[in-house]
Amino acid sequence: MFKSSRFPIYYKGHPRMFVKDKPIFWWALKWVHARFIIRELTSVPVAFYAIILILQIRALSLGPEAYANFTNWLKTPLSLSLHVISFLFVIYHSVTWFNLAPKAIVIRIGKNRIPGLVITGLNYVAWAIFSVAIAWLFLNLDNLM
Amino acid sequence: MVSKITLEVFRYRPDQETQPSFDSYEVPCEKDWVILDALNYIKDQIDGTLSYRWSCRMGVCGSCGMMVNGEPVLTCATFLNKFLPGPVKIEPLEHFPVVRDLIIEMSDFIGKLQKVKPWIVRKEEKSLEDGEYIQTPEQLGDYKQYSMCINCMLCYSACPVYGLEPEFVGPAVIALAQRYNLDSRDQGKGEREEILSQDDGIWQCTFVGECSEVCPENVDPAGAIQRYKVAATNNWWKSLLMPWGKSE
Amino acid sequence: MKKSSEPFWWALFGAGGVISALFIPVILFIQGLAIPLGWIESPNYQHLYQLFGSPVTRLFLLALISLSLLHWAHRFRFTLYDGLQVKHLNVLIAIFCYGGAILGSLAAGYYLWLI
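In order, the protein sequences belong to chains A, B and C. Mapping to this note's numbering: the first sequence position 24 is 24, numbers consecutive. Mapping to this note's numbering: the second sequence position 198 is 198, numbers consecutive. Mapping to this note's numbering: the third sequence position 48 is 48, numbers consecutive.
Hint data in this document are derived by calculation from the structure and do not stem from the laboratory. Ideal Cβ placement from N, Cα and C applies to all residues, glycine included. Among the hints, a few may not be true.
[Unchecked claim] Computed beta-carbon distance windows for the label pairs:
hint, chain 1, residue 1, chain 2, residue 2, range
1, A, F25, B, E167, 18 to 28 Å
2, C, L106, B, A77, 53 to 63 Å
3, C, F8, A, I38, 54 to 64 Å
4, A, A133, B, N69, 42 to 52 Å
5, B, E194, A, N140, 50 to 60 Å
Construct the entire structure; sequences and hints are all you get.
Structure, rendered in structure tokens:
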């Protein structure tokens, strides 16, 4: 009757208790759980882009020809679709990460606890500033160097 | 004319059957009825063999938690007419062994709760002449939210990690440990850390966040756990970099 | 008391979560979409080489890449535990995730050294 190995201690004295096993795909049965798994899986595109950066640095170090091969690959439909999907996922990663930050972080000024919304807001401000700065750097790199 | 609604109630009678089943009961859907009123109606009027726990009817005792249409709720605080036209599925709290019908076995929770010493631990007690332990409103505010827990265990039913990993200490126990850790009068942090900082303590939590969503008292166990992770991580690095220092 | 190693990995996971959330969207968008699609012009090779070769950029990229990989390692490890209930493969999964992240970090360090 009990397939489950949960709570073996109970079965000694009470062999008749009913225990339901968690289905393997439990996260597909409820939207909030599916959303959780999607949030966790944003780590895969994060790693994907880290690997792309490694490949880019490798191509840069090998010389102009290797780098041209790399940028040509970036223009292929495969690369573009991978980047589009990854972009959506990393945006979701950033949004969920900043929104949940105040749960873990408690900042006080004097006696007062800073409201969570302020912490989240500061995260978004930092995100915007860094994004604009990096975009500006790329747009003006040829003039700067 | 009062409309009717059907309740599909989880039944498990271990003396008669080896597998649970569902019984359907049609009950009046009174405007001011909560799910618990409907269950009481069934027990009084239709089927006296139905077993379930309840006590205060007002969201204080924490004994009437059940799964209603797959969500863990206090049945005394969930209106029936919200589910019109029905049917409404009533099941025992998920992730716990079922003793009979809607009654679950909670020794696992109680045992874990005792382990984290949910009381004020003092290294030395002040004598009576020295007066009371003074606490400012700000110090009270640090832990007050966590002290609202009524041990209803809805968060355990909402937590998939507990469902997968029975050894996990779980949301309410960690929140209650934090309730005392953050109390200015308490000195038991170190003793609780031995339980909480193990792999089966806070580190099992993957921050699904559902425990805080279902909590009827807005305790926010998910927040308590993440804060504890930060504190435990700081301690870990501190003891690595300064092994001679005293951990908090 | 058995000392858990989780705080170590969790700290790296958290740091990786922050740095990847702040920087990957914009870098990915510019280098992976805007430039290949011709929305903005690519900086020329020599200038990019100079940029990536400066000590500050090198340090930043090493931190971004290794912490992002370690962020993935920790999160993905738990996703596999939760999502597929493969507890019996615990050790194997941990070696694959953390080992992969460390190898990737070493590779990043090596190529950044070459630039």
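Evaluation of the provided hints:
no.	hint	in the structure
1	F25(A) - E167(B): 18 to 28 Å	holds (22 Å)
2	L106(C) - A77(B): 53 to 63 Å	holds (55 Å)
3	F8(C) - I38(A): 54 to 64 Å	violated (27 Å)
4	A133(A) - N69(B): 42 to 52 Å	holds (49 Å)
5	E194(B) - N140(A): 50 to 60 Å	holds (56 Å)
Of the numbered hints given earlier, the model fails hint 3 alone.
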